[in-house]
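K.L.:
Read off the chains here:
2 protein chains.
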Amino acid sequence: MNAEIIAVGSELLLGQIANTNAKFISSQLSELGINVYFHTVVGDNGSRLQDAIKIAEERADLIIFSGGLGPTKDDLTKETIANHLGLPLVFDHEALTYIEEFFAKYGRTMTENNKKQALVLEGCKVLANHNGMAPGMFLEHNDRIYMLLPGPPKEIEPMFQFEAKPLLAKKVSDDGMIVSHVLRFYGIGEAELEVQVQDILDNQTNPTVAPLASDGEVTLRITAKAQTEEEAWKLIHAKKTEIQAIVGKYQYGVDDDSLTSKTVEMLLHNGLTISAAESLTAGLFQSELAEISGVSGTLVGGVVTYTEEAKVNQLGIDQVLLDQFGVVSSECAGAMAANVRKKFCTDIGIGLTGAAGPDPHDEQPAGTIWIGFAIGDDEPVTRKLELSGMRNTNRLRAVKYACSYLMRLLEEKGYKRV
Amino acid sequence: MNAEIIAVGSELLLGQIANTNAKFISSQLSELGINVYFHTVVGDNGSRLQDAIKIAEERADLIIFSGGLGPTKDDLTKETIANHLGLPLVFDHEALTYIEEFFAKYGRTMTENNKKQALVLEGCKVLANHNGMAPGMFLEHNDRIYMLLPGPPKEIEPMFQFEAKPLLAKKVSDDGMIVSHVLRFYGIGEAELEVQVQDILDNQTNPTVAPLASDGEVTLRITAKAQTEEEAWKLIHAKKTEIQAIVGKYQYGVDDDSLTSKTVEMLLHNGLTISAAESLTAGLFQSELAEISGVSGTLVGGVVTYTEEAKVNQLGIDQVLLDQFGVVSSECAGAMAANVRKKFCTDIGIGLTGAAGPDPHDEQPAGTIWIGFAIGDDEPVTRKLELSGMRNTNRLRAVKYACSYLMRLLEEKGYKRV
Numbered sequence: 001m002n003a004e005i006i007a008v009g010s011e012l013l014l015g016q017i018a019n020t021n022a023k024f025i026s027s028q029l030s031e032l033g034i035n036v037y038f039h040t041v042v043g044d045n046g047s048r049l050q051d052a053i054k055i056a057e058e059r060a061d062l063i064i065f066s067g068g069l070g071p072t073k074d075d076l077t078k079e080t081i082a083n084h085l086g087l088p089l090v091f092d093h094e095a096l097t098y099i100e101e102f103f104a105k106y107g108r109t110m111t112e113n114n115k116k117q118a119l120v121l122e123g124c125k126v127l128a129n130h131n132g133m134a135p136g137m138f139l140e141h142n143d144r145i146y147m148l149l150p151g152p153p154k155e156i157e158p159m160f161q162f163e164a165k166p167l168l169a170k171k172v173s174d175d176g177m178i179v180s181h182v183l184r185f186y187g188i189g190e191a192e193l194e195v196q197v198q199d200i201l202d203n204q205t206n207p208t209v210a211p212l213a214s215d216g217e218v219t220l221r222i223t224a225k226a227q228t229e230e231e232a233w234k235l236i237h238a239k240k241t242e243i244q245a246i247v248g249k250y251q252y253g254v255d256d257d258s259l260t261s262k263t264v265e266m267l268l269h270n271g272l273t274i275s276a277a278e279s280l281t282a283g284l285f286q287s288e289l290a291e292i293s294g295v296s297g298t299l300v301g302g303v304v305t306y307t308e309e310a311k312v313n314q315l316g317i318d319q320v321l322l323d324q325f326g327v328v329s330s331e332c333a334g335a336m337a338a339n340v341r342k343k344f345c346t347d348i349g350i351g352l353t354g355a356a357g358p359d360p361h362d363e364q365p366a367g368t369i370w371i372g373f374a375i376g377d378d379e380p381v382t383r384k385l386e387l388s389g390m391r392n393t394n395r396l397r398a399v400k401y402a403c404s405y406l407m408r409l410l411e412e413k414g415y416k417r418v
Numbered sequence: 001m002n003a004e005i006i007a008v009g010s011e012l013l014l015g016q017i018a019n020t021n022a023k024f025i026s027s028q029l030s031e032l033g034i035n036v037y038f039h040t041v042v043g044d045n046g047s048r049l050q051d052a053i054k055i056a057e058e059r060a061d062l063i064i065f066s067g068g069l070g071p072t073k074d075d076l077t078k079e080t081i082a083n084h085l086g087l088p089l090v091f092d093h094e095a096l097t098y099i100e101e102f103f104a105k106y107g108r109t110m111t112e113n114n115k116k117q118a119l120v121l122e123g124c125k126v127l128a129n130h131n132g133m134a135p136g137m138f139l140e141h142n143d144r145i146y147m148l149l150p151g152p153p154k155e156i157e158p159m160f161q162f163e164a165k166p167l168l169a170k171k172v173s174d175d176g177m178i179v180s181h182v183l184r185f186y187g188i189g190e191a192e193l194e195v196q197v198q199d200i201l202d203n204q205t206n207p208t209v210a211p212l213a214s215d216g217e218v219t220l221r222i223t224a225k226a227q228t229e230e231e232a233w234k235l236i237h238a239k240k241t242e243i244q245a246i247v248g249k250y251q252y253g254v255d256d257d258s259l260t261s262k263t264v265e266m267l268l269h270n271g272l273t274i275s276a277a278e279s280l281t282a283g284l285f286q287s288e289l290a291e292i293s294g295v296s297g298t299l300v301g302g303v304v305t306y307t308e309e310a311k312v313n314q315l316g317i318d319q320v321l322l323d324q325f326g327v328v329s330s331e332c333a334g335a336m337a338a339n340v341r342k343k344f345c346t347d348i349g350i351g352l353t354g355a356a357g358p359d360p361h362d363e364q365p366a367g368t369i370w371i372g373f374a375i376g377d378d379e380p381v382t383r384k385l386e387l388s389g390m391r392n393t394n395r396l397r398a399v400k401y402a403c404s405y406l407m408r409l410l411e412e413k414g415y416k417r418v
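Just so you know, the protein sequences line up as chains A and B, in that order. Counting from 1, position 218 in the first sequence corresponds to residue 218 in UniProt numbering; the numbering is continuous, with no gaps. Counting from 1, position 314 in the second sequence corresponds to residue 314 in UniProt numbering; the numbering is continuous, with no gaps.
Among the clues, some could well be false.
So the derived list for chain A, only partly shown, Cβ under 10 Å to chain B, looks like this [as the list claims (entries may be wrong)]:
no., residue
1, THR20
2, ASP51
3, ALA245
4, GLY248
5, ASN270
6, ALA276
7, THR281
8, SER296
9, VAL303
10, VAL304
11, ALA356
12, PRO360
In short, the hints are calculated from the structure, not lab data. Glycine included, C-beta positions come from ideal geometry on N, C-alpha and C.
Build the full structure now, drawing on both the sequences and the hints.
P.N.:
Below is the structure:
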């Protein structure tokens, strides 16, 4: 089954938002083994939308639309498709009731426009929307599947996962399975990684192996096709072992793992508590850790010491040390780590200081960053980064490096990774 | 002039990345008054790419390609276009020298593959790439413009802005100017805003007015077309005044402003210093402020008190208060704000506490958030939020609300907005 995703909305063509729905749907279809050959974006214009539909019908069996199901005059996806296929729109009573109840609950008056959202293509299976008004539609017509989904990400994502995906999975189960598995690396560049696994990349058939770099990380996606899921995983595991034999030491995780999630897991698993003193990152390290649910089992807290005075007054950093070495220094990062650890009575203390940019800071060029690690009562260890990115890229990179280094340091001390 | 953007890359169709290049290019073209009617995404496949080119030629005068200019076998954008148009590829000596120098500088061996990146379409204008190997191309052929740009955002964005955009601007200068201006609102929903400016939305011609909601904010984009930029701005200002008369009190900024940037500007302008005590946001408030260059003039620092112990030990919150009201309470948020202000000797202290989710925290349902504001020696003021989003959406919303409330509170006290 080959798919095309048509996103409808002038805001996409004006560059106000990126087409993240196509990314989401594509990754979901890839899990099902459905090939996506094209994405199209078209504005809120009936005749151009109809042209796009005609083109998609020439090259896809499954056409997924996102957007244009709202109550306003701009929203004309279902009207255009109904017109194109010669099908009437009929009221879906369940959707209508849902909309009426919504308005009743909030004491607002329902207009004719809102009622229009309960109109669906005759003969379609209605996909319930638990996060908005507009129901989705799944229509089989002339050997093709037309799927209409709402535009807002918080509506389309659950609707696809819980309503649409099971219907598609049933359709494709006879074609065999495609399974994908992502290996995540840190501390090695994309080019370097590609060179090291060149033979594997050159001789790939099934599974295929595709590298991708983003935000300082590199991933290898292994994709296998087989009759059953079990067979596909067997192929993936063999290839994974081959890859790990070469670049395994740079791998930190798989699939949806992140450096922060792996760090939190490792800390929780080993029963270690952590605190941080942050200057250039200004809370970003702690905030990134706190994205992981359950972090309260390891993160006690920390301080943001953005000014030199705060470093002295709040963290007790020696003014003499700062005068001698500056705030962007190994000595400052080490002292921040050690002092925050003591102050918050944690097993580990992290110190982050540097010149985020665009300007130099304390005579150090933009991108110079020092990270300190105080683990138990050992002398703090420090690491230097020299980054070349923009201000906020540098701040985020510093956080990722801190996680990556911390996991390695803990491993060297005998703590287990998860 | 009508444009189509064709992004080439299987990673887009696999859903590994979103097509942010199309968003960027579209917003740039919109500034020039060039209409974008379609985006297409196609994989690393010569015949499907050629099909996409043929379709684009039927509906666009300007076809912009992103991606597929790299050194590997997957990269076949220029080869496919050369083949389609019957044009040879020739070496560009400047690009070749640049690539050779790069490899010499890093002491690496240049392969034939790398050399291939210096091949360009005969007759094109070469667009220099200062952030990578692959040069871009600007080709006028059969009354159409073909523009080939590299895929990585850090390469395509400067190349478009500094190399390609001036060439396009020259082409369109006779057609008149399109100017866009975005008004940014907070504290009002999209539906509510639309209702209030319904008459303006219904009767728009030139300028047009388009609403868009994202991340808890709503924007109105005013777009005017005129012979000169000055005339276009005159139209925009008239419409802006009309809109502000109705919903001006919710407007916090324009264009690239953000709630954090406006907050930092207001604090700097009024010579106010700030500190924060963060629980559920765990440093996100301070980190978001620190994204703004120059923030060190107002942000002194703060504490992250993720655990109850940290609130007591580091911030001196009264254990009796916590026992009586809980950590997710007006009392706790107010005390956090007041205490961090005193501790860091700042004009303003902010306290953020709550249940980010997914689970309830301290008997309060997920999404319950209290924000405290201590301004000077006045009694702290607190605000409650009841959010329904996911964990990290709630944390970010809390930061945005904190900025929005803070600006209003300061304004009430007579401080000027910027």
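K.L.:
Look at each hint and say if it fits the structure.
P.N.:
Hint check results:
{"no.": "1", "hint": "THR20", "in the structure": "5 Å, holds"}
{"no.": "2", "hint": "ASP51", "in the structure": "8 Å, holds"}
{"no.": "3", "hint": "ALA245", "in the structure": "23 Å, violated"}
{"no.": "4", "hint": "GLY248", "in the structure": "22 Å, violated"}
{"no.": "5", "hint": "ASN270", "in the structure": "18 Å, violated"}
{"no.": "6", "hint": "ALA276", "in the structure": "8 Å, holds"}
{"no.": "7", "hint": "THR281", "in the structure": "7 Å, holds"}
{"no.": "8", "hint": "SER296", "in the structure": "6 Å, holds"}
{"no.": "9", "hint": "VAL303", "in the structure": "5 Å, holds"}
{"no.": "10", "hint": "VAL304", "in the structure": "4 Å, holds"}
{"no.": "11", "hint": "ALA356", "in the structure": "8 Å, holds"}
{"no.": "12", "hint": "PRO360", "in the structure": "13 Å, violated"}
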